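Trainee: Since the structure of chain L is provided, determine the placement of chain X on it from the hints.
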Amino acid sequence: MFGYIRPVRNDCENYLFKAQYCGLCKTLGKRYGQFSRLFLSYDISLLTLLWHALSGKNFVYKYETCIMHPVNKRRVKRPNEIDQTAADVSVYFVKKKIEDNIRDERWFKKLLYQGLNKIPMKWNRETLFKYDDLDNLFYQLERMEELKKPEIDELSNCFGTILKKTTRYASRQLYIKLPDETEQFTFFLGKLIYTLDAFEDLERDLKKWHYNPLIFENKEVILSVGKTEEVVKKIKDKEKWRLYLLLDHLEYIYSLFNDCLGVYRSEIDGIISKSLPAMVYRVLGQKSNCQKKGVLHE
Amino acid sequence: MNKDPYKVLNIKPGATKKEIKEAYNRLVKKYHPDYYKEKHMKELAEQKMKEINEAYDYVINNGVSRQGYQEDSYQKNNSRSTSSSSGYDYTYIRRLIQAGRFSEARNILEDISVRDAEWFYLMGVIEISSGNYNQGRINFEKALRLDPENSEYQAAYRQTVNGYFFSRRAGHARTDTETCCQVCSTLWCLDCCCEGSGGDFITCC
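Residue numbers (this note's numbering), protein chains in the order written: chain L, 1 to 298; chain X, 299 to 503.
FYI, nobody ran anything at the bench for these hints, they're computed from the structure.
A quick note: this is a predicted structure, and the numbers were derived from the prediction, not measured.
Glycine residues also receive a C-beta, built at the ideal position from the N, C-alpha and C atoms.
Certain hints may be false.
The calculated BS3-like cross-link candidates involving lysine-lysine, where the alpha carbons are at most 27 Å apart (straight line), are [claimed, not checked]: (1) K315(X) - K233(L); (2) K328(X) - K236(L); (3) K73(L) - K148(L).
Facing chain X, according to a computed beta carbon distance under 8 Å, are these residues of chain L, among others [as the list claims (entries may be wrong)]: (4) E151; (5) D153; (6) N157; (7) F187; (8) F188; (9) E220; (10) L245; (11) E251.
Extracted from the complex, chain L is given alone in its bound form (with noise of 0.2 Å):
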């Protein structure tokens, strides 16, 4: 579900994201083993990031190679305990995510992730993220799905719901006080990458006929139209302006608290208003300024 929040490329400012994409990555190699890497999303750095330049701590860089960059040192940032839950949040929500396809896939998959799930690795046994409250609402998300539920919103705003309050448990771990706002913009980021998620499933879901609920909330769409290809079209021009008005009121709340950000503010305005629209235009089959320049990273 995560990782559609990708940086625009040769953005000179996004030299931030970049450190500490690196440093959580780096984080989770150390805490979690070096199979834990690969659980790192563009989505939980740009949290990381959030909550760093909330939390009034400085941003420390140390030069470093890697097994990805094994020859140029880059810039990365010097992990502290900010990093250290935000790697502990990814591993809570690829076990979840993995617990999910668990229940959704069939056969070969199903074995896969069954296997994953019991692999005595690290960051399999130790969960240091882990609240009931997040639990029954992953429970709660899980159910209105097998209802096949037809209403995005009520199943968006859930997983809003969740990285809202994963905010707040995180901040309260690391005793930051965040402006309110900050947890009103994570609920509404929640809430655009589960409908993105949707809308870019939703071709494959249809084919599969697996849930979505986006084929739930336009039952007639369906039922008139024949062509696969056309009912997406039809689907994503339909809904498309849900999207739109969520880009809209991530900008809105982010204005609202933008001043609390300091000197991470233009690095974090870029994503806000460069990376996000690109994302949804991609998703809807549009092209962006952005995109049109090839310049975003995939």
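Mentor: For chain X alone, coordinates are given in the frame of chain L:
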């Protein structure tokens, strides 16, 4: 139900019982599960039929046809852009919404029994701000149906479907804060700065 029953049946709120029945029969003919062979299409058609039946029951039981039309037109005739047809003063609720206290505003709104255009508009704003976009859109549609001429409701609906509802509201909020004093002080400062280069708009200072 989460969808607008009139939209599900594809009828106007003033429709007569005969029109509603015709619309219902037309939809039953189109979406009956027996017309679909594939299992998943049958499942979808069953859900669609459930939705149509719920909408039909709602419209019939909530006294549309002649009675419903009279109710609607009564609200239309009495609604004003500043005050409401129910006589309720919504100023406090508007203030709560502006302050971002949505749950308080929602609780007060839910206690109001007579629901006019203003009620639906304000509920729409609360729903959209809380992330229930579809419900917000439906409420704006209902507000517009009761008071089609109201420019505020028209703008809210247009901004929602085009995806700039919040930026426009933020824009309005920003212009509201630019008071007359701020404009005058800016002009005075500019005048003082330009005096050295020959420009003097306000001659007395």
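Trainee: Compare the structure with each hint and give your call.
Mentor: Hint check:
Distance restraint check for K315(X) and K233(L): the Cα-Cα separation of roughly 36 Å exceeds the 27 Å cut-off, and the hinted pair is therefore not satisfied. Proximity of K328(X) to K236(L) is assessed by CA-CA distance (about 23 Å); at most 27 Å being required, the pair is judged to hold. Of the supplied pair hints, the one linking K73(L) and K148(L) is violated, its CA atoms being roughly 49 Å apart against a limit of 27 Å. Interface restraint check: E151(L) against chain X, minimum CB-CB distance 6 Å, threshold 8 Å, status holds.
Interface hint status for D153(L): upheld, as the beta-carbon distance to the closest one in chain X is roughly 5 Å, under 8 Å. Annotation: N157(L) was flagged as interfacial toward chain X, and the flag holds, the nearest CB pair being 5 Å apart, inside 8 Å. Of the supplied interface hints, the one on F187(L) holds, with its beta-carbon coming within about 7 Å of a beta-carbon of chain X, less than 8 Å. The beta carbon of F188(L) comes within 7 Å of a beta carbon in chain X, closer than 8 Å, and the hint placing it at the interface holds.
Using the Cβ-Cβ criterion of 8 Å, the hint placing E220(L) at the interface with chain X is satisfied: the shortest such distance is roughly 6 Å. The beta carbon of L245(L) comes within 5 Å of a beta carbon in chain X, closer than 8 Å, and the hint placing it at the interface holds. A cut of 8 Å between beta carbons decides the hint on E251(L): the least distance to chain X is about 7 Å, and the hint holds.
Hints 1 and 3 from the list above are not met by this structure, while the remaining hints are.
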